[in-house]
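Peer 1: The residues making up each chain are set out below.
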Amino acid sequence: MKGKKKVYMDWAATTPIKKEVLSAMMPYLTSKWGNPSSLHSWGWEVRKDLEVARKELAELVGAERVIFTGSATESLNLVHKGVVESRGKGKKKVGIITSSIEHKGVLATCEHLKIRGLARVDYLGVDKEGKVSLEELLRKIKDDTGLVSVMWVNNEVGSVQEIERIGKELRRVNKEREKKGLDRILFHSDVTQGMGYLEFDMRKMGLDMASMTGHKIGAPKGVGALFLGEGVSLVRQMDGGGQEARVRAGTENVSFIMGLCEAVKIAFKDKKKKREKVEKVRDYILNRLSKMEGVVINGPGKKGAPHIVNCRVGGIEGEGLLVLMSDQGVGVSTGSACSSGDLKASHVMTALGIKAEEAHGSIRFSISEKTSKEDVDYVMGAFKKSVNKLREIRKGIKV
Amino acid sequence: MSGLYSDKVLDHFRNPRNMGEMEGADSEAQIGNPVCGDVMKVYLKVKKGESWEENVITDVKFQTMGCVAAVATTSMMTEMVKGKKFREVEKLTNQAIAEALDGLPPVKMHCSNLAADVLMKAMGEYK
Ligand code: FES
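Quick note, the sequences are listed as chains A and B, same order. For the first sequence, the positions run 1 to 399 when this note's numbering is used. For the second sequence, the positions run 400 to 526 when this note's numbering is used.
A portion of the hints provided could be inaccurate.
[As the list claims (entries may be wrong)] Simulated pairs of lysine to aspartate or glutamate, EDC-like, Cα-Cα distance not exceeding 20 Å:
no. : chain 1 : residue 1 : chain 2 : residue 2
1   : A       : Lys168    : A       : Glu64
2   : A       : Lys385    : B       : Asp410
3   : A       : Lys395    : B       : Glu422
4   : A       : Lys89     : A       : Asp239
5   : A       : Lys389    : B       : Asp516
6   : A       : Lys398    : B       : Glu427
7   : A       : Lys395    : B       : Asp458
8   : A       : Lys398    : B       : Asp516
9   : A       : Lys398    : B       : Glu420
Keep in mind that the hints were calculated from the coordinates and are not lab data. From a predicted model like this one, the values you see are computed outputs, not experimental measurements.
Chain B on its own, in the form it takes in the complex (with noise of 0.2 Å):
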């Protein structure tokens, strides 16, 4: 399987990157996988603007039960989001993800939809 992968995907699975747990998040989820049982949990700094739009994510940490893709897709989300604000992370697609890694392969594609949902889900549920 792992010839199948691009050197950046292995890269950020070999080096996860924003990787552990987040000591008094402001905001944290957790998703299944329902296709083949992985997990994804994010935890996130916020910076509060004047809208939910203008907040601003200014740390993000992540931990992943799952193949190789779904570790390496999270670990990338991250690396992607930190700094920016929710306005224009809201806009982030699984798509945008698996390409910043070179692509992944076809079947595969779905644990990036689980980077990219357990994300929003943190952000959703900001207050």
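Extracted from the complex, chain A is given alone in its bound form (with noise of 0.2 Å):
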């Protein structure tokens, strides 16, 4: 007997590991076992494959270093609280610029440094289709900014910002900052949602830091990275012992640092035949949700990331909407309140100027390369087959 249809369309949430990726990390799971930091064989044939493979990634993605952390929360984390804490020493303020539509590790850990009167944060608003303005960067930077976080590719809507013309203006303005003896202003970006489709260079993009994590590219889950340019330093907020050039404490977790690797270079061969395939089922999923009635694109559509749409339904819910799919073996995502867990509106979608009765009914389908045109028309007739039986439910309400 032929099992159910399933079709997974929710890529940006996570991913499986790679057959790849699973073989290089397997010899540290069984005969290279050691401890990296032990000074005998054992140690060392593991501390030596360690190290090359983080000098291939640091190459690969234009880093200065790369530190090996448990996820992308902890990398951010590590940024925003390490370079508070080596910049004010304690002693004072330093102002974050940042957006509106951060993933949580940065929004939450902003407020905690708010919160605890050792960052003054200032957040940059977004336009219809998720985009920053520089211009209002600019006018937002101080004598005491000390950062600015701007996360690449928006995990709900797909907008992709303009980190090389920011690294670029940012350049001229630590210029001028230099003459009047005032600190540099380290660029960092949360880069997770990018490393699949899009061409990443720290070094030309002008990013002093960037964060990511391995399980949205076929990595395991567990695993992040922090990469760092040329003359950053952070306060290590994991203490310990020495590991991770003393910005990162405990044993590393050498599988899935492999793991994670193996990923990066995997994403990056040939990226762009990739991306035009995930942009051609992109564009196929706009098409058709055009043609469906009562459905509006959030954010960028077109020209966002190649595996990210994301659209609303009105007088729908989203949570009823994710079940019922999900009962027709679809797997997709949603900004609604109502499965938010603090019953709130994604901030997405918010800071996007969309209400909350309408992100109610807002939907995200992401995809890979694996995602097939057959695939999406099994999804949309899953989805407007949802859509029509809460249309039912709700039929005579009128609000």
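Fit the two chains together into the complex; they arrive one by one in their own frames, and the hints show the way.
Peer 2: This is the structure in structure tokens:
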């Protein structure tokens, strides 16, 4: 008997471990099990492999140094807290400029620093397509500004920020600040959702720091990385031994780190070809959605990341929609308040100017190079059926 | 989220009982949820008794725009009150509806409030 069809369209949430990634990890789960800090052959053989992989990864992404962490969230905590502690030394507040559509790993960390009186935080608004304005960013720079942190690709709506342009401007600003004897502003980006399909080179983009996680590109959950450029100093947040160049203590999760390195390598191979393929499928989704009654696209649509499409359906609640679609073997996600745990609409939707009742029916489709047009056809069928069923349940209600 | 729901909640969501509009209802009411903006509507067919308390709900229907818990609690509520006197139904609490569904996740308890409230409103408005 043929099994029930299943289509996963939540690739921006997580991805399965790639076969090649698992093969790259296996030796460190079996024969090469030594502690890389040990001073004997068991340790040395692992240390050697780990440092080669680290160096190759740094070269690939244009970083001076790579620090491995447990997740993107950990990298984000380390960057923001580490920079503020290193700059402020507990004596003065450090100005941070970030956007209102960052991952919660950034927003909650900034709140933490603000509440404790360690940082002054300014949030950049975004336009309807989810983009920050460079002019607003430059206007917000003050003498005490120490860190600018703007995510590359937004995970909910797929808006892509012009990181290279911001980097260029900040370099110019920093030159002027040097003359005035002011601290250099460091530039950080959460690059997690861009790694799969967009060209990435830290130097070219003018980034001092970049955070990412492995599990969005075929590495296991539980390993992240922080890329550092020249002359960046951070106060470490995990105290203990001297691992990771004293920036992050704790015995290295070697197998997972090797998995992350391999996953990045694979992602960077034929990136353009993969991007074009994914873009075609995304455009097909957009096209199908444009023909559905009552459906509006949230965010940048065709101008956004290749793998993310977000839309909303009027008068429908997202949590129920997800359950009905899951019943038909489809996995997607929603920004509805009812599914959020704190019963608030997603902060990204709010920042885009989408009202809570509109965000109620928001759905994100996120795809990969594995997603076919046939998959889209199936998902759109399930989507339509589910929407119709919920419309039936709410029929007589007027708001 | 659906992983947090009991089988009963999911069953009532997937197969809502007494769902739809009612022609010639004796009373109807609609209320919205201030927490997350969901809306419920209930229709009653009533057999008049000697006093308000003695009125009997002979038929009930609902419509809901809301989450899984909101749909399931309204559906369950209709099953619990059909054929009952206002006197008995008056005592219905959101707790009782949630329990009849084998419980709700704590964050979703407010959805069951809505189901009890909209029913009381429809009963209160019956003349
Ligand atoms: S009605 Fe919104 S969470 Fe249930």
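Peer 1: For the pair supplied as a hint, lysine 398 (chain A) and aspartate 516 (chain B), is the alpha-carbon distance within the 20 Å limit?
Peer 2: Holds: lysine 398 (chain A) and aspartate 516 (chain B) sit about 18 Å apart, inside 20 Å.
Peer 1: Would the hint linking lysine 89 (chain A) and aspartate 239 (chain A) be met if the CA-CA limit is 20 Å?
Peer 2: 17 Å, holds
Peer 1: Hey, lysine 395 (chain A) versus aspartate 458 (chain B), does the alpha-carbon distance stay inside 20 Å?
Peer 2: Between lysine 395 (chain A) and aspartate 458 (chain B) the Cα gap is close to 19 Å, so the pair holds against 20 Å.
Peer 1: Compare the distance between the alpha carbons of lysine 385 (chain A) and aspartate 410 (chain B) with 20 Å, and conclude whether the hinted pair is satisfied.
Peer 2: The given pair, whose Cα atoms are some 18 Å apart, holds under the 20 Å limit.
Peer 1: Within 20 Å, alpha carbon to alpha carbon, are lysine 395 (chain A) and glutamate 422 (chain B)?
Peer 2: 14 Å, holds
Peer 1: Within a Cα-Cα threshold of 20 Å, do lysine 398 (chain A) and glutamate 420 (chain B) meet the stated pairing?
Peer 2: 13 Å, holds
Peer 1: Checking one constraint from the list: CA of lysine 389 (chain A) to CA of aspartate 516 (chain B), max 20 Å. Satisfied?
Peer 2: Judged against 20 Å, a Cα distance of about 25 Å means the pair is violated.
Peer 1: Hey, lysine 168 (chain A) versus glutamate 64 (chain A), does the alpha-carbon distance stay inside 20 Å?
Peer 2: The hint holds at about 18 Å.
Peer 1: Would the pair lysine 398 (chain A) and glutamate 427 (chain B) pass a check requiring their Cα atoms to be no farther apart than 20 Å?
Peer 2: 13 Å, holds
Hint compliance for this structure: hint 5 is the single one not met.
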